[in-house]
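Novice: Here is what each chain is made of, one letter per residue.
2 protein chains.
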Amino acid sequence: MADGTARRRPGRRPGLTDTRGEIIAAASKVFADKGFDKATIRGIAREAGVDPALVHHYFSTKEGIFVAALRLPADPSTALPLILQGPREQIGERLVRFILTLTANAEAREPVLALVRSAATNEQAVLMVREFLTRAILDRVVEMLGVSRLRMEVAFAQMFGVIMLRYVLRVEPLASVEIEELVELLAPTIQRYLGEE
Amino acid sequence: MADGTARRRPGRRPGLTDTRGEIIAAASKVFADKGFDKATIRGIAREAGVDPALVHHYFSTKEGIFVAALRLPADPSTALPLILQGPREQIGERLVRFILTLTANAEAREPVLALVRSAATNEQAVLMVREFLTRAILDRVVEMLGVSRLRMEVAFAQMFGVIMLRYVLRVEPLASVEIEELVELLAPTIQRYLGEE
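Line by line, the protein sequences are chains A and B. Count the first sequence with full-length UniProt numbering and you get residues 1 to 197, in order. Count the second sequence with full-length UniProt numbering and you get residues 1 to 197, in order.
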């Protein structure tokens, strides 16, 4: 990334380096240390030894940096509006099918499971995961659908539990049943939580 | 435990020792190594260097040893029949209230969370947890209620997800809402999964 390198602050050794990769490494450290809410683009730039404008050049938002740093399979700021639009009476079905289809792909699933693993064992990771989950997913769905936070959280808990039993504990038949059979069973639950304001 | 010591196999140093504690330590190792299904009372006795009859004297079943070794707050073989009996149309409410009340106690909750933490990060623990969950809880409820395994598993997933969000991620308001408000929200879900054969 030659143009990135050219704009690097003085004091760092010159040469062709992976500036985007360095920003991501710096961001991983800052998010782990400070959580999501207290991390700033300015702080990430400082940690990476680059100008904040360069961070903005690669990532338009703090959320975008988080998604890239943790290799998450979808950016909630673009994915959620797509999933949530459409008939309200099918919101449960759309959400369940989206989550099960996304996590059926091992490459997409693995970074999410890695995040859960770190939160299960590390209090600093708990803060980071809770804040990102709150800002990037829960707040957004609550605002778009006009449901209560508690309803959104128990809906999330249902799908989180299913993913854990399917892919971490691997309990049968849940671990190998077809997506559509799970949609049939789970969509009415999510619909009941999120279907009405 | 003088009578335990008297019956110890030759070759172990004599004296007053905590035989029950030694059996539990041996059982923890055997369950971690072999999982729940392949562990045997005979194998646990061998690991502890005691006679199998002595293991039976302290613990009547392999499940009882597991519950004691992992300091679980309830033995499913005695707790489940109590919770599951009563009107079928209130099974969801009874199960949700029982699980939330049990886990509201930090001392009861902590060993369960420790088990989840180990399963989140350790493949050997996954085997042990999956097998115990299957034999001690899922198989039993499926048999008593005559529901499908898949329905039982998604019901379990709902409650598992709620406990994780409430006590590990500690997302608000789920982390501090009153039990009865959660019962109102969750009982119809569990009732839908388990209410009919």
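Quick caveat, the hints were computed from the structure, so don't treat them as lab data. There may be inaccurate statements among the hints.
What the hints assert, rightly or not - Quick list of simulated restraints, FRET-style, between CB atoms: (1) A/P52 <-> B/P111: 41 to 49 Å; (2) B/K38 <-> A/E181: 25 to 33 Å; (3) B/L113 <-> A/I179: 57 to 65 Å; (4) B/Q90 <-> A/T101: 31 to 39 Å; (5) A/N105 <-> B/L113: 49 to 57 Å; (6) A/P111 <-> B/R135: 30 to 38 Å; (7) A/T101 <-> B/R46: 20 to 28 Å.
Remember, it's a predicted structure, so these values are computed and weren't measured experimentally. Note that beta-carbon positions come from the ideal geometry of N, C-alpha and C, so glycine has one too.
Novice: Hint by hint, say whether it matches the structure.
Specialist: Status of the hints after comparison with the structure:
1. The supplied range of 41 to 49 Å is met by A/P52 and B/P111, whose beta-carbon atoms lie about 47 Å from each other.
2. Between B/K38 and A/E181 the C-beta distance comes to about 30 Å, which sits within the given range of 25 to 33 Å.
3. Hint check: B/L113 to A/I179, Cβ distance near 30 Å, so the stated range 57 to 65 Å is violated.
4. For the pair B/Q90 and A/T101, the beta carbons lie near 36 Å from each other, so the given range of 31 to 39 Å is met.
5. Taking 49 to 57 Å as the suggested C-beta distance range, the pair A/N105 and B/L113 does not conform, at roughly 29 Å.
6. Roughly 33 Å separates the CB atoms of A/P111 and B/R135, a value that falls within the hinted 30 to 38 Å.
7. Range check, A/T101 to B/R46: about 48 Å between beta-carbon atoms, so the 20 to 28 Å window is missed.
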